[in-house]
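Sequence lines, in order, name chains A and B.
Taking this note's numbering, I'd label the letters of the first sequence as residues 1 to 853.
Taking this note's numbering, I'd label the letters of the second sequence as residues 1001 to 1316.
A hint or two may mislead.
Unchecked claim - Label-pair ranges, simulated between beta-carbon atoms: (1) B:Val1168 <-> A:Ala470: 52 to 58 Å; (2) B:Arg1287 <-> A:Gln491: 46 to 52 Å; (3) A:Ser74 <-> B:Leu1123: 54 to 60 Å; (4) B:Leu1123 <-> A:Ala94: 58 to 64 Å; (5) A:Arg534 <-> B:Gly1154: 25 to 31 Å; (6) B:Gly1279 <-> A:Tyr17: 45 to 51 Å.
To be verified - Chain A residues, not near chain B, derived (Cβ > 10 Å throughout): (7) Gln90; (8) Asp113; (9) Ala144; (10) Val187; (11) Pro221; (12) Gly261; (13) Ala302; (14) Gln607; (15) Ser615.
Hints in this document: simulated from the structure, not taken from any laboratory.
Every residue, glycine too, gets a C-beta built ideally from N, C-alpha and C.
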Amino acid sequence: MSNRLIQFSLAKPIAVYGLLLIITLVSGLLISRIQVDTDPENMLSQTEPARIYHNQVNKDFLLNDLIVVGAVASNEQSIFNRRSLSDLKQLSDAILKIKGVKSADVNALTTIDNIEQTANSGIRFEWMMAKAPTSEAEAAAIGAKARRLPFVVNSLVSGDERAATIYVPILDKNESYRIATEISEWVKNLSDANDYYVTGLPVAEDTFGFEMFVQMGIAAPAAALVIYLLMLYFFRSATLVIAPMIVAMATVIISMGIMIGLGYTVHIMSSMIPIFLMPIAVVDSVHLMSEFADSYKPGENAKAVIGKVTGHLFQPMLFTSVTSAAGFFSLALTPIPPVQVFGIVVGSGILLAFLVTILFVPAYVSRMNPAQLEKMQQKLFVGKESNSLLARILPSWGEFSLARSKSIVILALILVGVSVVGIYKIEINDNPVRWFKADHDIRIADKVLNSHFAGTYDAHLVFEFSERQALVKQWREQIALDISADKTLSQTSREQIDSFFVRKFPAANFQDFVFLLDDLLFEESESGAETIERLIELSERYSSQAKVFNQPEKLAYLEALQTYLLQSGRVGKSNSVVDLIKTVNRELRSGSSKDYQLPRTQEAVAQTLLQFQSSHRPQDLWHFVTPDFSKAQIWLQLTSGDNRDMSAVVAEVNAYIIDNPPPSGITVNWAGKAYLNLIWQEKMVAGMFDSLTSAFVIVFIMMVLLFRSLLFGLLAMLPLSITIIFMYGLIGWIGKYYDMPIAVLSALTLGLSVDFAIHFIERSRTIYASTQNFKQTMSAMFQEPARAISRNALVIALGFTPLLFAPLVPYITVGAFLAAIMAVSALVTIFLLPASMKLLSRWLFKNEQRSQV
Amino acid sequence: MSFPNLNLNLKLNILFNFWHNKNSADHRVEGTNIVARTRRRFSHFENVSAVFLMVILSGYSVTGVAAENAPMDEKLNADQIVAKASLSAYYGGEDGRTLARMRIVDANGRKQSRQFTILRKDLVEGGEQKFLVVFSRPSDVKGTTFMVHKKPDGEDDRWLYLPALDLVKRISAGDKRTSFVGTHYFYEDVSGRSPNLDTHQILQETDSEYILQHRAIDSASVEFASYKTWIDKVSFLPLKIEYYDEKGNAFRRIEALEVKQVQDINTVTKAKVSNLNDGSYTLLEFRKINYDLGLPDNLFSERSLRRPPVKWLKTK
C-alpha cells in the first residue's frame, strides 16, 4: 500500500500535480458558495428540544429578534428634557420607516400608549408622546406619565431616568446589520442632546460574522506566512519549502471546499478550520524533509533518496496522523453541531494532509534540480551544528533530565496535584457578548445600557395549561352525550356538529364551535334552538375554564413568583400580563397605588383586558398570553448574559417551584436566548467529557498496538495527560472561565501532543535496538530526533500565534492556549519522558534486548 | 369644526354603515330620486344659517350644493363624490338594530371572537346619533356595554360599563384611532372619520366605481400617509378602503365582502379588515338586521349601561 502510493508519486509526478490541481480548483470553486452562520442558537441542533421549545415560544408569543437602541442624555441630565425627547421622537419616527422593521411592535416612549384617569371618572388612552415636547414643562409632564407605567420604568426609561431605549423588532435577523447601520446613520442627524448606543443580539451576531471573515482573511494567511518563514529558517531552501506550503494550501482549500459544498455553513468553530489545518498539515512534510535533508548527499539520486525516506517514515506519519485525527474526530461525540462539523472536517483534513504529503512531496522533491538541492545542502550544513539554538540547548536538557530523573518525576507529580486542585476551581461560564473585546462598541453599549437599565438580556418563563387537551376531550364527550339523548335537533344540525368534531378534534376550538352553533340556530325549530342555546352555554363554560390565564388565582401565582424573582436580585425586572392587568385596573378604579392589584374574578380580568385591547397597541397583550389564555409568560430582564447568572436564576426558580408548586394543571418551562446559551453550555461540558475520555481510550489502544507494549502505551499517554491536567489546572487557578473555546481545547491537545511522544518513543526504541545502551540512546535522542520534535512543536505553536491578533476573544483564547499547550507538551515530552524511561528502563526495553539477542 | 350635513364619514365605517346605507335600489331605478332625497335632507339645515355660512366658507358648500344640484350624467368632482357617498351613507331610517359578530385571526391563524348587539338611533338625520353596544360573548365579557352619543359638530360622548367591576366610566375624548376591543377596527371606523379632516382627489373612474385618494390635513394625527376608497357608482357604498404608508405601500385594508338589501336598503353584511403586514385580520358579520324599530330616546341613557334594555336587544 505504502509502496504503491510512493511509486505512483515518483513515477507519475505530472499526474499527481494535475490531480491535486484539479481537485483543489474544483473544491476552491465550491468555497464561493460560502454561507456564514453567526447564530448562537445553532450551537444546538435543529432537533434539540430546548431549541424547538424556544422557537415555539417565540411563535406563540409573536416575539422577534430585537435591536436595542439606547439614548443616554448628555451632561448627566434627566432624559425628560425637551431636546432629548425631541431627538428620541425624530429617531423613532425614522426607525418606524426603515424596511424590515416590524413597526407595529417598536417599543419606545414615542410609540407606546398611555392609559390614565381623567376628570369625571373618565379614562383615556392616548399616545404617550405623539408629538415632540415644545417646552421643558411638556417634557416633564411626559416623565410624570411614564413613571406611572410599570412597563416603561427600567425597560423604556432607565430607573435613574438618564436613559431611554428604543426596542426595534426586526422581521429577519439577517437584515440586522443593514438596519443597525441605517439607525446609526440617522443618529448622525441628531443634536448632541443624547449619546446613542446600538446593540442587541442580532447586531452582535452580524458584527461577529464580519469579524469572522476578518479572522479568516487575515489570521489564516498570516499563519501561512509564519509557518513559511519558520520552515525557511529550518531548511534554508525556498524551493523545498514551497512543497509543504502547497500541501497545506491544498489541504485547507479542499477541506473547506468540500465542507461548504456539502452545504455546511461557516460558523465560529468552522471558521478556525484553516488556521488549525495549516500548521498540522505541514508536520508530516517537516519530518520527510528533515530526514531527506539529513540523508541526501550531493550527487545522489534525489528520487531514490526521497522514495526511501518516505517509505521509512510512512508508518509513524500514518500513526501520528491517525491519532491526531482521532482527537478531532472525538469532537463528533459532543452534541454541539458546529463543534461536530469542526472536529470531522479537521480530522478528515489531517488524513487528507497525510495523503497529499505522501503523494505530492516525493513527486515534488524528485523533480527539484540537483543545483537547488546542493545549495540547500550547503546552507543547511553550514548553519546547522554551530548556529542552531536548538542544537546547542537540547543535549544539555537531556542530560539534566536523566541526572535529575527522580526530582523531575516528583515535580511532575506535585504539578499534577496542584493542577487537580485548580481543576476543581474551574468555573463554567460563557457569554456570547464577551466574545467581543472589552473595547468593542458592542461591549461598551452592553455595559452602559445594563448599568442604567434592569437588563437587556432576555429569558422567558413560560406557563402552560397542560390539561387543555383533557378538557377539550371532556367537552366533546359532554356534547356527544347531550346530543345522543336529544330529539329536538334537526338532522342537519346533528351532522354539522358531528362533522365539526371529526374535522377539528383534537385542535377543536370552543369559539369555532360556538360560531357553528350560532349559524345552526337560524335554521332550527324553537325546541331545537333551545338545545343549541344550551350547547352554546356549555361550550362557553368550557371555554372559560380553559382560559386559565385570566383566572385570578393562576395570575396570583405569576404575581408571587415575579415578586420573588425581583427580591432575588439577579433579575433586574420581570414583566407579565399581571403587570398589565394591574395597571389598567388601577386606572379604571381610583388611579392610586392601592388599586394596583389583580381584580377578583375571571370576568373582571377579562373586562379589564378588553379595555387594554381598546388601546393603540392591543397586540402587545399577545406577547404575554396566547389568545386562548392557555399559555402565559414572564419576561425576565437580566443585567448579565453570563450563563452562570442565568443558571443561578434557573436554580432559584426551581427552588421556588418546589416550595410553592404551581396551581394544578400548570407546567413551567424556560425559553429565551439566555436560557438557550445555558443549555448548549451544559451540553458542551458533558459532551466534552465524553469526547475527551473516548479519544483518550482510542489513542491509548492505538499506542499499545503501535508499540506492542502496555507500558510504552502508558508512557506515550503521559505527556498529553500531564499537559491536559496542567492546562486545565492553570485555567482554574488563573480564574479564566471554562467556555466554548476552552472546552474544545482538551480534545485538540490530546490529538496533537501525542505526536511528540510517538516520535520520541519510536526513535528511542530504534536507537536502543542498535546501541543496547540506554545512556547512548538518550544522548543520540537529544540530537536529531529531539530537534525534529522541537521544530514541529515550534511550527504548530507559532502557527497559531496570528490568532492572538484576531478581533474576537475566542480566537485569541484558542491561539494563546494552543501555543502554550504545544510548548508545554513538547517540554513534558523532552524532560519527563527520558526521566520516566530511565526509571522504568529495566522493564521497558526487555523486548529490544531480546530481539537483539 | 365639522358640519352636520358633511360629517358623513366616507370612511366610513363599513363597520356601521348598515345603519346608514340606505342608498337603495331607488338610485338605479330613478336618478332624480337621490336629488329629491338630498334636498329633503338639506332642508334640515337651511334654518341653521350659521352652519350653512360655515359650509359656504369652508368650500364644502360647493360640494354640498353641487352634489345637490348636479345632474346624474355630469362629471362629479372628488368633493362631490365624497359628499354624495357621505350623504347616501347617512341618509336613512330613524333607527336600527343588528347582531354583530367578529372573528379576529392573528398572524399565526389563532382565532378569537366577539359578539354584540348594536342599537342605533338618529336624532337628526345626518347629524347626532346615539349608539348602544352590548356584548354577549365571550361569556367573560358578557354585559359589557358601550354607549356613544355622536356629535358630528363637537366631541362625541362615550361611556363604558364593565359589569364584573360594576363600573361606569366615561371614555375621554381623544384619539379615536385606537383598536375597537382588540379587533382590527378602530373606534374611528365605528364612529366615523369626518371628511373635512382629509383632502380628497379622484384617481380613476371606471364603469362601476370611483377610486378616490384621501390625505389627512393633520398628518401627524394619523398612522397613514394616504388612503384610497373604491366607491360603488350605484349604491355609493365604499366597497374597499386601503391605507398607505409614506412609501406608498398598502398596510391596511377594509373591504365589504357581502352586500344585501335589508328593508330595501343596501347593507354591508360581511366585511373584513386586514393587516397587510402580518396577514392578520378581523371578519365582521351583521345578522338579524332591523331598521325603523321606533327605539325610544331614553334607551340611550346612562341607566341603560347598567341595565341593558332586554326588550330592545332581543332579536327575532
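Violated hints - listed by number, lowest first: Hints 1, 2, 4, 5, 6, 8, 14 and 15 not satisfied by this model.
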